[in-house]
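Asks: Spelled out, the chains give:
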Amino acid sequence: LAKTTQPISMDSYEGQEVNITCSHNNIATNDYITWYQQFPSQGPRFIIQGYKTKVTNEVASLFIPADRKSSTLSLPRVSLSDTAVYYCLVGDLRNYGQNFVFGPGTRLSVLP
Amino acid sequence: KAGVTQTPRYLIKTRGQQVTLSCSPISGHRSVSWYQQTPGQGLQFLFEYFSETQRNKGNFPGRFSGRQFSNSRSEMNVSTLELGDSALYLCASSLEREQFFGPGTRLTVL
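Chains A and B supply the protein sequences, listed in that same order.
Sequential numbering from 1 applies to the first sequence in my numbering.
Sequential numbering from 1 applies to the second sequence in my numbering.
If you are wondering where the hints come from, they were derived from the structure by calculation, not from laboratory data.
Certain hints may be false.
Unchecked claim - Simulated restraints on C-beta separations:
#1 A/T72 x B/L95: 22 to 28 Å
#2 A/E58 x B/L95: 18 to 24 Å
#3 B/Q41 x A/S23: 21 to 27 Å
What the hints assert, rightly or not - Selected chain A positions facing chain B (Cβ under 8 Å, derived; list incomplete):
#4 T5
#5 T29
#6 F39
#7 F46
#8 G50
#9 T53
#10 E58
#11 A60
#12 V101
#13 F102
#14 P104
Glycine residues also receive a C-beta, built at the ideal position from the N, C-alpha and C atoms.
Isolated chain A (complex conformation) (with noise of 0.2 Å):
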């Protein structure tokens, strides 16, 4: 399983866009990479998911340089609501055997 580095606690202003990098040094071929919200007392709520180049969506975009080794969670204009903690995840759900282990996480803070 890779291992994940991520910022434990971040601050922003609302209105500015986020970045919050994930280290994955040892990513596997198959892995792909899915980060994840929680707020407190809730499960988490997938947020994105990609393997490679950029992803986008609705609420983010997920920016994965061409070795891997790392993934950028990008946030555009952050709100009060977006205070939460995020989980960089890496691995492959298809694999038997494979189970996700979730890191400490990066608490954002997002201030007024």
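Using the hints, position chain B against chain A.
Replies: For chain B alone, kept in the frame of chain A given last:
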């Protein structure tokens, strides 16, 4: 399409008792995983079931067990509860590469 549902949402038990938590996955999802989340240890993987068979298991004592039924619904059981078992228990169902979590069951052991 309905999301992952977990029942009950809140539970209070006393030490020594046992508890059973239930999880209904998203329709069509055959894989169900269970996680324990505490402030001190974060999100920890308990086990995963696929087609009624335990496929993966985390590093938890045998007091924690689970099962999956033919309709993919899953139950988790904790016997001889300890104070340290107080946590948010999360269930997640998976299809292909995407895993979706339920709202969790908050278990308090007194």
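Asks: For every hint, state whether the structure bears it out.
Replies: We went through each hint and held it up to the structure:
At about 26 Å, the CB distance of A/T72 to B/L95 agrees with the hint of 22 to 28 Å. A hinted range of 18 to 24 Å for the beta carbons of A/E58 and B/L95 is consistent with their spacing of about 20 Å. A C-beta distance of roughly 22 Å is found between B/Q41 and A/S23, which places it inside the suggested range of 21 to 27 Å. A cut of 8 Å between beta carbons decides the hint on A/T5: the least distance to chain B is about 14 Å, and the hint is violated.
About 14 Å separates the beta-carbon of A/T29 from the nearest beta-carbon of chain B, more than 8 Å, and the hint is not met. For A/F39, the interface hint is violated, the least distance from its beta-carbon to any beta-carbon of chain B being 11 Å, above 8 Å. A hinted interface residue such as A/F46 counts as satisfied when its beta carbon comes closer than 8 Å to some beta carbon of chain B; here the least separation is about 6 Å, so the hint holds. Hint on A/G50 is violated. Least Cβ distance to chain B is approximately 10 Å, over the 8 Å limit.
A distance limit of 8 Å between C-beta atoms decides the matter here; for A/T53 the minimum to chain B is near 17 Å, and the interface restraint is violated. Hint on A/E58 is violated. Least Cβ distance to chain B is approximately 16 Å, over the 8 Å limit. Evaluation of the A/A60 hint against chain B yields a violated restraint, the C-beta minimum of about 15 Å exceeding 8 Å. The beta carbon of A/V101 comes within 7 Å of a beta carbon in chain B, closer than 8 Å, and the hint placing it at the interface holds.
About 4 Å separates the beta-carbon of A/F102 from the nearest beta-carbon of chain B, less than 8 Å, and the hint is met. Given hint, A/P104 at the interface with chain B, holds; its Cβ is 6 Å from that chain's nearest Cβ, closer than 8 Å.
Hint compliance for this structure: hints 4, 5, 6, 8, 9, 10 and 11 are broken, all remaining hints hold.
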